[in-house]
Amino acid sequence: MIHFILRRLLNMIPTMFIISVVSFVIIQAPPGDMLSYRLAHLEEQGALGSVSAVEQLEALREQYGLNDPLHVQYFRWIGGIVLRGDFGDSFTYEMGVMELIGERIGMTFALTLATMIFTWAVAIPIGIYSATHKYSIGDNAFTLIGFIGLASPNFLLALILMYAQVTVFEASSVGGLLSPEFIGEPWSVAKFFNFLSHVWVPVVVIGTAGTAAVIRIMRGNLLDVLDQQHIQTARSKGLSESVVVNKYGVRIAINPLVSRIGLELPNLLSGAVVAGIVLGLPTAGPIFYNALISQDMYLAGAFLILSGMFLLFGNLIADILLAWLDPRIRYD
Amino acid sequence: MNKTDTVTDTAAKETDAQGRPILLDIRSLRTTFHTDDGPVRAVDGVSLKIHRQETLGVVGESGCGKSITAMSVMRLFPSPPGRIEGGEILFHASGAESGPVDLAKVDPKGRVIRRIRGNEIAMIFQEPMTSLSPVHTVGNQISETIRLHQKVDKKEARERSIEMLRKVRLPKPERQFDAYPFELSGGMRQRAMIAMALSCNPSLLIADEPTTALDVTVQAEILYLIKELQEEIGMAVMLITHDLGVIAHMADTVAVMYMGKVVERASTRNVLKDPRHPYTVGLLRSIPRLGAKRALVPIKGTVPDPFKLPPGCSFGPRCPRQVYPGWDTDPPLLEEVAPGHFTRCCGTVCEEADEQPETAAP
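Residue numbers (this note's numbering), protein chains in the order written: chain A, 1 to 332; chain B, 333 to 694.
The hints are simulated quantities; they were obtained by calculation from the structure and are not laboratory data. Owing to the predicted nature of the structure, the values given are computational and were not obtained by experimental measurement. Possibly wrong hints are sitting among the right ones.
Below, computed lysine-lysine pairings styled on DSS-like, alpha-carbon distance capped at 27 angstroms [stated by the list, open to error]:
#, chain 1, residue 1, chain 2, residue 2
1, B, Lys441, A, Lys247
2, A, Lys247, B, Lys486
3, A, Lys247, B, Lys483
So here's chain B without its partners, still in its complex pose (with noise of 0.2 angstroms):
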């Protein structure tokens, strides 16, 4: 349980396929909430890497910990009882000459975290409705932020704040300027949202579920819009979801995560088309087609409780394959089955010829 990844698949390697620099490194990550009831590792030996304009997916199921490690590079998750226990986050700042700075180590309250929270490093969230102040104005909490990472004057900041409505497509941007949040629908609220997090320009954009709690026509918008802004102002995008779907569309490359862990890593059209992982190929299952034959495979069982782990693989009570020996002693490394795949699979080492699922298409 407590054995990490290797560093191997981390090293060195600064650019990736397209000759874009790393971005963001995060090596053999732990994040662990130390709760009444026991520790939990909610995130558990994690190892990620975005490149500069580069679009990561994370997928996994609700408490699989995508969202803690999204949290962990922010900071921002409750501390206590969170704490960060192992593991390096290396964040390369535009123009640091100084290398990277290492996110895991900083003072979650410190100066270094808040330079880079929202002026490197910018965030969206899941619930529109709640992730704005009832009671300040759409402008007020827009400027505030280009007014803390950039040294303007009020007037400067409000007609940045206004451009920035204008490019989320928010209609009549001046007028919204002075509207509270109340005063917007669920997606309007978001694109201010997206305004606010891209106003300084950001380098990287975590967008936790961004979609999640939006009207099925307006995520595609969402995400368009997301899509669209990332290559103007050149950041790139952690896009965390559970929708495969959203994944397929926005996606370069998909890390998926279960109990803590990556199980599978690699580019989208290989995590899509050529899974190996039984838990990846048991979500791609698991979504419905429309003019598909076969019933739907729900993955069996249910998800293990945190506090009572397995002692080998973590999937390996819910997992088709489990006839491969040692699964229920020895957790699984993340390997590399094929370039640039990683799976963390005892069964890839025998690679039977499991049943291969219809491929995903988007």
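Looking at chain A on its own, in the form it has when it is part of the complex (with noise of 0.2 angstroms):
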């Protein structure tokens, strides 16, 4: 086991470098670069014609290095990230990426927690009980109401929350995960209980796609397991249903599940940028998409770099709950 989690780990490796230089790729794409952007600004404020603003964006140029050759810039920047951890310098922000969106990884890693075990602890039961209620009225009903959050897009369903959030629990504050008032103060039982109180409405916004997306999936794999010979064996046994159904249904209909985490922690990092923009979430999406605009070239290779060790990661843990969970999976 501790073979197979090293070898995974070293083929990370090689899956990370090109994923890096895909990632720098692309933010070198579009034509024109960071202080392009800030020129055509220039240039709508009237001030083009300036000598000095054209001098001082040349001289910025040549500071960043983006005169130099693109592998160069490239080994520059994956040079300082692998050896020093610097993910280099915003231009919009004016600071290190990683002093900017550093605790924003984290409040966007807690929300991706939350979000799952949202996810898993409300649609496994329910696909279970679909699965073994198959076509009755509740079955009927998860159903349709699982289409619908299938087919309602996010930032919608945050305005709807915000709305009820105002109108119904008349609460002080919408919107983002913490009220004016704890921004900034150290953590306490208070700040904790305040941002409970605002965490469900992201929570469930990101996770309703994905759980009408598990439920459909629970159901189907456990109706699939169901009908196998082994579940008639088990209950020829005299066991009870609930213990054929658990112990020899739902423990192999999971499995499928589990190889999800690995796709579902990157998809939850793009999936809140929408949400986090309507919500004014303190995450990681709204930082990034703004990145994306404004071609804040390092910003967003940094986010493409988390998203790419999200997934590899999330692959990876996938992968030692399956071979732990499944006997039939080997090691080597």
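Work from the hints to combine the two standalone chains into their complex.
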């Protein structure tokens, strides 16, 4: 098992290298760069023609090494990340990328984790119910709700929930993850409860589509498993229906869902972008969006690299869990 | 069609010729599947008896209702769409003072049937490759049954499981206890399955085509093993198969089924040497035999569509005896044509000199 994990970790290095090259190419791909974006801004403000502005930009370009050949730029960038954990500076915010997004990444991670727990805690029991009560009224109702959940865009859900917060719950602050008075305060019990009172909205918004999908997958998988011969064998032993379903059905039906964890992690990161903007969350998503708009290349690059790492680590965790759950999987 | 057998042949007689008391008494059982295309009478008035320690062979081609009959006894058929619509399944459990339990009436998910399943009546299935859970060890699956029905602790259950694995002659039983099914061959899995089924010393084992999916060489071993353990435990066996060779080896009595009905029922010897129903005759004639001079004679036609059963005898359209009056209007009843020999054929009344088949030597 240790060997399996070590080998998988080693395999991640070349994959990570490829991801970094592709990320770099992507952030370089749009015509122009960060400075030409700023130039365009100055142009709009009628400041063009001011020689000093152009010269200033030229100086900045030289300072950031934007005139160097691409591969030099790439190795300077990746070298900083690997050797010093330095993702470069953000042009827009004029500060270190890590400094800028460090706390936001933590928040994003907390939100992602909460969303996954919510998704699984809601979806799996419903999936089991739907499979064991196929075509019952309950099953059909959950199917309907599930499809609505899958189909509704999450920004719309976010707006509806914020509206409900204001009108029904008469909340004093809407959006974000904390009330204004707690922002910047050290963590305390009161702050934690304030966090909980805010976090459910983004969790529901981000998790709804995933929940609906997991319900459908769980239902389908379990129905397949319950049709298998060994379920009849288990019943023929005199086991109660709940033992048959849980020990022999769910135990096998859940495996394909475990492999979804790997795909879900980066999905939640990007899925949270729209919801993050609408809800004004201090998460990574909205900043990433702005970075792409303003061609803030090192900031955007950091996000791409991080999503790649999320994906790889998610897959690793899923594989370890699967290997642990299913004896038929070989480590070597 | 709705006529069921008279109870006369299944009444009162509580012991068989060897004085063995009755164990399972199925009377006019009807199990119907209500599908979207209409009802299918999978089991249509079946009456069977199994005495203690007796082996009853049930033969018939695929879809004749033999498996559903067994599933009805265990109450394991999917419901819905399946439903028992009539008849009784009287099970005389050992040491039951209150008389037999009618399994046709119990709740299929209830406590009564669950206490019988795996404990009094055990079952093994056709597909050893899929009938064990792939993600639990063999030992876990066997000791689970023991712990469920006999209040013993984990260690005791483990020892008994290993003992059972030894009894079914699985090599290195201590090691196989912790093996997963995918680590065993088909024959070994079927042995493990038998160990699991017999772990609580059932009084009846239902074996649904236990050797069909196995290598020919392994088949004989498994059958021999079942027979040996049957004598050791003193259980009855309901052996479902389409292989008359297996029947000849194993069964005391035989029931031949066709389209959800028992068409012939007698001692194995009588069925093989003196078959009275044309379907049985046809089955016997279609067995290939080494050195036989004559060509195989298949039964003409095919099994009728279960949604469009012929009005009279369901075998009628394929029957060489169609000349008898009434075959296409009145379904024949099960009649005793010789002591202990029942057959459901209007042709037997006339007892014409049908061409007798060669006897089926095993």
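*Among the hints numbered above, which are violated by the structure, and what are their numbers in rising order?*
Nothing - there is no hint that the structure violates, so all of them hold.
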